[in-house]
Structures are given as structure tokens and as C-alpha cells.
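These protein sequence lines are chains F and W, in that order.
Each residue of the first sequence is one higher than the one before, starting from 1 at the first, in the working numbering.
Each residue of the second sequence is one higher than the one before, starting from 1 at the first, in the working numbering.
It is possible that part of the hints are untrue.
Far from chain F, by Cβ distances over 10 Å, these chain W residues were calculated [as the list claims (entries may be wrong)]:
id : residue
1  : GLN193
2  : ASP307
3  : ILE409
When the alpha-carbon atoms are kept at most 30 Å apart in a straight line, the in silico DSS-like pairs for lysine-lysine are as follows [what the hints assert, rightly or not]:
id : chain 1 : residue 1 : chain 2 : residue 2
4  : F       : LYS75     : F       : LYS88
5  : F       : LYS24     : W       : LYS159
6  : F       : LYS88     : F       : LYS24
7  : F       : LYS88     : W       : LYS159
8  : W       : LYS152    : F       : LYS24
9  : F       : LYS24     : F       : LYS75
It should be emphasised that the hints constitute simulated quantities derived from the structure, not laboratory data.
Backbone N, C-alpha and C fix where the C-beta goes; we use that ideal spot for every residue, glycine too.
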Amino acid sequence: MGNTESAGNIDRAGIEMATLEILKDLTADWDTDYAGDIGPDTLLIEELAFESIDVVQLVVSLESRFQRRDMPFEKLLMNDGRYVDDIKVRQIFEFLEETLTGASHG
Amino acid sequence: MADSPQTLLFGLDGATFSVLDQLIDEGVTPFLGELRDRGQWGELMSTVNPLTPPAWTTVMTGRSPGNHGIYDFIRAEERGGSVFFVMNSSRDRRVETLWEIVSRQQRRATALNFFGLAPPRPVAGHTISGFVPYRHLRRAMWPLELWDDIQKLPGFDRKELAMDLDLEKKSIQGLPEEDYDDWTAMHRRRERQWFEIAQMLLTNDPSDVTAIVFDGVDKLQHVFWRYLDPEMLNPSTASPADLRVRDLCLDYYREVDGYLRHLTSLAGDDPRIFIVSDHGFGPTWEVFYLNAWLAERGYLGWRDESDRDTTGALTVDRLKSHVGMLDWDRTTAFCLTPSSNGVFIRRAEAGGNGIRAEDYESFRTKIADELLAWRDPASGGQVVTSVLTREQAYPGTTMEMAPDLLLTIRDGGFVSILNADAPLMPRDEVLGTHRPEGVFMAAGPGIEPGKRDTPVDLIDVTPTVLYSLGLPVPQDLEGRVPEGLFTSEHLAGQPIESGPPTLTPDPFPEHRPSRDEKALEDEAEAEVMARLKALGYVE
Numbered sequence: 001m002g003n004t005e006s007a008g009n010i011d012r013a014g015i016e017m018a019t020l021e022i023l024k025d026l027t028a029d030w031d032t033d034y035a036g037d038i039g040p041d042t043l044l045i046e047e048l049a050f051e052s053i054d055v056v057q058l059v060v061s062l063e064s065r066f067q068r069r070d071m072p073f074e075k076l077l078m079n080d081g082r083y084v085d086d087i088k089v090r091q092i093f094e095f096l097e098e099t100l101t102g103a104s105h106g
Numbered sequence: 001m002a003d004s005p006q007t008l009l010f011g012l013d014g015a016t017f018s019v020l021d022q023l024i025d026e027g028v029t030p031f032l033g034e035l036r037d038r039g040q041w042g043e044l045m046s047t048v049n050p051l052t053p054p055a056w057t058t059v060m061t062g063r064s065p066g067n068h069g070i071y072d073f074i075r076a077e078e079r080g081g082s083v084f085f086v087m088n089s090s091r092d093r094r095v096e097t098l099w100e101i102v103s104r105q106q107r108r109a110t111a112l113n114f115f116g117l118a119p120p121r122p123v124a125g126h127t128i129s130g131f132v133p134y135r136h137l138r139r140a141m142w143p144l145e146l147w148d149d150i151q152k153l154p155g156f157d158r159k160e161l162a163m164d165l166d167l168e169k170k171s172i173q174g175l176p177e178e179d180y181d182d183w184t185a186m187h188r189r190r191e192r193q194w195f196e197i198a199q200m201l202l203t204n205d206p207s208d209v210t211a212i213v214f215d216g217v218d219k220l221q222h223v224f225w226r227y228l229d230p231e232m233l234n235p236s237t238a239s240p241a242d243l244r245v246r247d248l249c250l251d252y253y254r255e256v257d258g259y260l261r262h263l264t265s266l267a268g269d270d271p272r273i274f275i276v277s278d279h280g281f282g283p284t285w286e287v288f289y290l291n292a293w294l295a296e297r298g299y300l301g302w303r304d305e306s307d308r309d310t311t312g313a314l315t316v317d318r319l320k321s322h323v324g325m326l327d328w329d330r331t332t333a334f335c336l337t338p339s340s341n342g343v344f345i346r347r348a349e350a351g352g353n354g355i356r357a358e359d360y361e362s363f364r365t366k367i368a369d370e371l372l373a374w375r376d377p378a379s380g381g382q383v384v385t386s387v388l389t390r391e392q393a394y395p396g397t398t399m400e401m402a403p404d405l406l407l408t409i410r411d412g413g414f415v416s417i418l419n420a421d422a423p424l425m426p427r428d429e430v431l432g433t434h435r436p437e438g439v440f441m442a443a444g445p446g447i448e449p450g451k452r453d454t455p456v457d458l459i460d461v462t463p464t465v466l467y468s469l470g471l472p473v474p475q476d477l478e479g480r481v482p483e484g485l486f487t488s489e490h491l492a493g494q495p496i497e498s499g500p501p502t503l504t505p506d507p508f509p510e511h512r513p514s515r516d517e518k519a520l521e522d523e524a525e526a527e528v529m530a531r532l533k534a535l536g537y538v539e
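The following block holds chain F by itself, in its conformation from the complex (with noise of 0.2 Å):
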């Protein structure tokens, strides 16, 4: 098989490890003026300039990745009814293993 995760066998560090090989290949060849590396602190929107569509193809990925259909990817992605202003990929990780293992992170 390709380059799937069974999300019965993952760990904060698999989650991370895909998580950032994900959003390095999506990035890959954008015309955008981010030059630093994709790390924890990074923000979506202000630094790799992610539009709406770029978000909905990152959940594509991580849904294809980690074989999930179901992810509430609302708590990450809305506050309060409206779509959240940014999101750092520490948020994306903490998100995804609390979704996947069951993590709580407050």
C-alpha cells in the first residue's frame, strides 16, 4: 500500500511526521513568498498562504492519509460560528491526535 496510516497504530510522532510531509508536498510548488521550513509555529494563512480551497485540500490529504471520513474538523477549523482567523500546524497536530488517539489537550 501507498503511503497511508492506519489511525489504530499512530502516535504524536506519525502524527507529525505525515502531518508535515503532507503539508510540504501540498506547498511544494506554490508561487508564494514563504522561503522558512514548515515547523509547529508556522501559520497557515500568514505564512503559507493557504485560501479556503488550500485548507479543504489539506483536510482531503489528512483524511486520506489517516483513512477518516469522520474527522470534526469544525473544532479546528471554527470558533464560535465563524471560521477561525488562522491556524498554527501545532494546532493541526494537537487537533488530529486528540481526533485519533483520543488525546486531550485541553
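Given chain F's structure and the hints, the job is docking chain W onto it.
Relative to the frame of chain F, chain W by itself:
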């Protein structure tokens, strides 16, 4: 390649005979004229909401939206009291495509620029999804290595080949006059790129069926309808300025007609050709602000009442801005996108402040009745001419995802989802918008020539292409091979055969063999077959 002639399926997004007839008569599109003379032609009825995502998905599945599950570019999901929007992709399509059906019967299919082919699914042949932004284009094709080949083609420009969301919006909301030349030139370059890809594949790696959508027809007709509709502009009396704009459009049609001729010349001695549009076209002269109408009746609340449109716009620049414009605590019914022409009713069981199950029917009926009863304050005329419940509009296994109500506006246009001082506003200038009546043309071996008396339906396209390839028609397809399309002699020699039902797609077709892997798999398969033959299991 099998014995059947190569089949070509040319999609002209939004094409209508009310424009094409004149272009054919004027000699602008001679290839289409020849097809009309030697083939069969007539109207093609679109999906109940004549819109690109559901309509092209119906073309390539033989299923209605209620069963294939694609109703719009995006869909709304009520989650934990919030409305969350999701862009539809291939994973949301609940049924097999024509390309997959063909592939698993040892035939090859090439499909270019159809909506919803990303993420790509394995086929024997090639697919490149349309309506994908440039940033994601290289992941939107099968096999993924095709990206290496198309980058080498003359004039390759990934940004112009892909969809630009901002340009898409421009196309339905009008365009400043100073942009006319650039707009048409960009669409000509874009179609040239799709043509180059099709030409490369037909030449180097042909399939049994090659299908390509040219979507600039739709984009130009949205903006330039008043220059193209023979009822709005008479070329013999029009001003030089108007004729100049019309000529910009005619150059586009002329070039696409040439591409169709050239691609046909590459598809064997006598290919079978089908030309379809996903919907037709007509004029729109006003804007109905559906959410403003809902707000007037207390079904919807705005976060900021003073934020009102005065320009005839249909939507905001960013959809997430629209989600933030609504006060969800005061909203029980809303329209998410102009293209849906639909009302979504919030349900209490989804966790928000929606309508309880026992009140749903009466609530929905009340909105529908009020919409139908509402009159244009200026003329007293009826504005919403039809309201269908989703049971009427979208029967099928995925109906729960559809809007609760589907509207038809008197000018056939899309609604605005913005707030405004009044629910109805005349447009400054007439634009083009969708109509249900598209075009169907067919020519080639076994096709009965002449004008059709009865329309073909979009759900008939997949069965027709399968029959053209000599394949059985799966018994669960909703369409059929149109009566009278093929000659009785042809039908006698090749009766229409019903086949096993389609398969349910795997939502995660993650095993994506590269070309090299595929070659190895083919070798392995050949080796197994050789062994089986040696053992006498197969002949």
C-alpha cells in the same frame, strides 16, 4: 483496442442551440455544421438544477444527483450547532464513473477537465480533473506521472490550465469592459492547453473513449450573452463596438471548432462522435436576494444588518466570510451558495437552534408557499416560478445532503446570498445564465442522421458511450441508449445488452501505482495468464 470505433465525447460547457445555430449558419463553426448535417442532433435536458457539478457528474455516471451525491461545488454540513462547508471532490461521489466502468472491462478511457475527478481514482487510461486550482493540479490527474508530460507541451501554463476561483466568480457577476480582451484571450489560451493535452494523448497513448470538456463556452456566455444571443444583437444592425466584442467571442468558438475537427482526425478512420453540453443558456436581467428575502420573514438573521449589497453581486469573495455574516442563533433557513438556488433548513437534531422533526414539513411548506406567493413590488409579477422539495427534485440514496427546497427564478438566474435593501434588483446589464436545454450531437458509424423529436437526457450519455464501445449497460444506471439514435441495422447487429450493476467506489483508493508499477503489474498479470493457459484454465 477493441473492434468498436474509437468514441469521442466532446463537452461544451453551457452550449446552446440558440447561439450555435447562428454560428453554424454564419460558418463560424464549420465542423459543428458538418456534424449537424451528417449526424443526429437535438436538445439535451440537464439535471433539475442545471449546474456544472451535478450535471457533468450525471454525464459521466448515468445517475441523477439524488444518487450520485453531487449537488453543487460545495456542501454545507451542520456540525455541533455550526454550519461547516466542504468542497465536493471525487470522494463525495457515491457511484462509479464511466471511466471506471470502462476500465474494469479491459478498455481504456481518457477524461479531461470534467468536474470532480480529484483526488484521482485509478483508471486504465488518463484523467485530469477540471475545476481544480493550480496549486493542486499536479495531484489531480491519473496517472500522477502525466504531470511530467503535460508540462512539456507548448504554451503550458499551470495557472491558466487550472481553475481560478476569482475568475469563476467574475464570470457570473459581470466583467469591466476593459477586461474583455484579456478575458477572451485567456480562455482561448486555456482551451488551447486542454486541446494540446488531448492531442498528445490521442497521438501517443489513445484510449477507446476520449472525453474532454471545453468550459470557456460557459464563461464567455455568462459575460457576453447580450452579444451572442440572436434575439439581443442583430449582426447586420449592431454598432461597431458591439460587433467588436462579438468578434472576440466568435474567435473563441472558431478555435474550439477547429480543435474538435483536429481531435476527430486523430481518432482512427471513422470515430463515433458525441457532443454534449451540461446545460443550456439564456439571459438574466435581475437579482433575487434569497437570504435577504428569508431575513425579511424572520427565517434568517444577519450579524451586521448594515452590510448590504448595492451592486447586483451574488456572493462574497470568500465563502467563509459569508458563514460569518449570518447570525446562526437567529437563522433557521438559509441559502449557502448562489449556484444551489436552494434553501437549507436547519434541523434541531443536528445540535443547533433548528426546526424540530415534527415541525419540519409544515415549516418547509410555509417557506415554499411564501416564495411562490411573493410578487415583484414594481410589476406585481411572480418571481419564484417553481419550488420543489428535495423529495421531488432529488429522489435517491443521497437526498439527505440536498437543499430542502430548490427554486427556479423567473429569469432562470442564480440567487444572491447577500443582504440588500430589497429582495429584487434589476441588473445594470443583461448577463447570461443557465437553462435546462443543452445540446446533443452525434455522428459516426451506426448513427441515424436527422433532428431528434425528443430530447436526450444527461443520464443517457453514459449508457450511450458504453453501448458505443460495445459494452453492456449496467442495470442500475438510470438512463438508456436514446431511442432512434442508432440505425435499426446497427441495433440488429449489436443489440443493447444489460449488464451487472456498477460497483460502490472505495473512498480511499490510496494504492496508486505509478506507470512503472503498472507496467510491472501488467507483466505479472501476463505471467499469471500464461501459467493459467499452460494449465488449461483459460484459452
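Evaluation of the provided hints:
Look at GLN193/W: its CB is around 17 Å from the nearest CB on chain F, clear of 10 Å, so calling it non-interface holds up. The non-interface label for ASP307/W is consistent with chain F: the shortest C-beta to C-beta separation is roughly 14 Å, beyond 10 Å. Non-interface call for ILE409/W relative to chain F: holds, since the shortest CB-CB distance, roughly 27 Å, exceeds 10 Å. For the given pair, LYS75/F sits about 14 Å from LYS88/F by alpha-carbon distance, which is consistent with the 30 Å threshold.
Between the alpha carbons of LYS24/F and LYS159/W the distance comes to roughly 20 Å, so the proposed pair stays at or under 30 Å and holds. With a C-alpha separation of about 14 Å, the suggested pairing of LYS88/F with LYS24/F holds against the 30 Å cut-off. This hinted pair checks out: LYS88/F and LYS159/W have alpha carbons roughly 27 Å apart, not beyond 30 Å. With a C-alpha separation of about 24 Å, the suggested pair LYS152/W and LYS24/F falls inside the 30 Å cut-off, and the hint holds.
Distance check on the hinted pair: LYS24/F and LYS75/F sit about 23 Å apart at the alpha-carbon level, within 30 Å; holds.
The earlier numbered hints are all upheld by this structure, with none contradicted.
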